[in-house]
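K.L.:
The residues making up each chain are set out below.
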Amino acid sequence: DTAVSQTPKYLVTQMGNDKSIKCEQNLGHDTMYWYKQDSKKFLKIMFSYNNKELIINETVPNRFSPKSPDKAHLNLHINSLELGDSAVYFCASSQARGIPYEQYFGPGTRLTVT
Amino acid sequence: SQELEQSPQSLIVQEGKNLTINCTSSKTLYGLYWYKQKYGEGLIFLMMLQKGGEEKSHEKITAKLDEKKQQSSLHITASQPSHAGIYLCGAPSLNGNQFYFGTGTSLTVIP
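The listed protein sequences derive, respectively, from chains C and V. If you count the first sequence from 1, you need to add 15 to reach our numbering. If you count the second sequence from 1, you need to add 391 to reach our numbering.
Hints listed in this document are in silico derivations from the structure and should not be mistaken for laboratory results. Note that beta-carbon positions come from the ideal geometry of N, C-alpha and C, so glycine has one too. Any given hint might turn out to be false.
Incomplete in silico selection of chain C near chain V, CB under 8 angstroms [stated by the list, open to error]:
no., residue
1, Y25
2, K56
3, M61
4, F62
5, L69
6, F79
7, S101
8, R112
9, P115
10, E117
11, G123
Cut-off 27 angstroms, straight-line C-alpha distance, at most; resulting in silico cross-link-like pairs (DSS-like, lysine-lysine) [unchecked claim]:
no., chain 1, residue 1, chain 2, residue 2
12, C, K59, V, K408
13, V, K408, C, K56
14, C, K37, V, K427
15, V, K442, C, K59
16, V, K408, C, K51
17, C, K56, V, K451
18, C, K82, C, K51
19, C, K82, C, K56
20, C, K34, C, K67
21, C, K24, V, K418
22, V, K408, V, K418
23, C, K67, C, K55
24, C, K24, V, K451
25, V, K459, C, K51
26, V, K455, C, K37
27, V, K459, V, K427
28, V, K459, C, K37
29, C, K37, V, K447
30, V, K429, C, K24
31, C, K56, C, K24
32, C, K34, V, K455
33, V, K418, C, K56
34, C, K82, V, K408
35, V, K459, V, K429
36, C, K56, V, K455
37, V, K451, C, K37
38, C, K51, V, K427
39, C, K55, C, K86
40, V, K442, C, K55
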């Protein structure tokens, strides 16, 4: 069974559209994350979320919003897509935030905005 | 925020050779994680170091955290093509609310 899964794996869409990426974890973890990996392979945290608190990286535009229907899911909604949003987006989960908890990553979603 | 600089940026080695990847932090580390990313895939956790001077090994990979907790190294002994990928160091903020990844090191192992 896949621990952290994401759908879709690839997403090609036009500028201005609204899209969602789904993430599910079956590890029973309390904390989930979204990361963006740019073309230079630099990985940056966007959000971390548990059932009590959403932590938003201040650099993330408010067009991006995480939505968690339950503890096992953290979906990423993106409004009014821009060319610069093209990247690989990774979902991750951990038992809790911080040390010594390791994060388990999904396979990534490659988003291409044309 | 915390900055993690990795060196080298890329590395090409012959199979069987040893290699070292370094990760230097702009601030004291409260913990340091090493991950491996295979091309086009997600990240795989390798090791986590927490104490100054700590060293951990898994198969042919050894990671160390220096005494001052600002630098970590990842050493691969007798590299194999299966070691190829991007190696990333990462560190949480003290309160765990943020997680910072290093600039990454791309490793190619030539058979």
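K.L.:
With reference to the structure, classify each hint as holding or not holding.
P.N.:
We went through each hint and held it up to the structure:
no. : hint              : result
1   : Y25               : violated, 11 angstroms
2   : K56               : holds, 5 angstroms
3   : M61               : violated, 11 angstroms
4   : F62               : violated, 11 angstroms
5   : L69               : violated, 10 angstroms
6   : F79               : violated, 16 angstroms
7   : S101              : violated, 16 angstroms
8   : R112              : holds, 3 angstroms
9   : P115              : holds, 6 angstroms
10  : E117              : holds, 5 angstroms
11  : G123              : holds, 6 angstroms
12  : C:K59 <-> V:K408  : violated, 32 angstroms
13  : V:K408 <-> C:K56  : holds, 25 angstroms
14  : C:K37 <-> V:K427  : holds, 23 angstroms
15  : V:K442 <-> C:K59  : holds, 25 angstroms
16  : V:K408 <-> C:K51  : violated, 33 angstroms
17  : C:K56 <-> V:K451  : holds, 25 angstroms
18  : C:K82 <-> C:K51   : holds, 16 angstroms
19  : C:K82 <-> C:K56   : holds, 25 angstroms
20  : C:K34 <-> C:K67   : holds, 26 angstroms
21  : C:K24 <-> V:K418  : violated, 35 angstroms
22  : V:K408 <-> V:K418 : violated, 32 angstroms
23  : C:K67 <-> C:K55   : violated, 33 angstroms
24  : C:K24 <-> V:K451  : violated, 32 angstroms
25  : V:K459 <-> C:K51  : violated, 30 angstroms
26  : V:K455 <-> C:K37  : violated, 36 angstroms
27  : V:K459 <-> V:K427 : holds, 24 angstroms
28  : V:K459 <-> C:K37  : violated, 41 angstroms
29  : C:K37 <-> V:K447  : violated, 35 angstroms
30  : V:K429 <-> C:K24  : holds, 15 angstroms
31  : C:K56 <-> C:K24   : holds, 17 angstroms
32  : C:K34 <-> V:K455  : violated, 42 angstroms
33  : V:K418 <-> C:K56  : holds, 22 angstroms
34  : C:K82 <-> V:K408  : violated, 47 angstroms
35  : V:K459 <-> V:K429 : violated, 31 angstroms
36  : C:K56 <-> V:K455  : holds, 24 angstroms
37  : V:K451 <-> C:K37  : violated, 36 angstroms
38  : C:K51 <-> V:K427  : holds, 16 angstroms
39  : C:K55 <-> C:K86   : violated, 32 angstroms
40  : V:K442 <-> C:K55  : violated, 31 angstroms
Taken one by one, the earlier hints fail for this structure at numbers 1, 3, 4, 5, 6, 7, 12, 16, 21, 22, 23, 24, 25, 26, 28, 29, 32, 34, 35, 37, 39 and 40, listed in ascending order.
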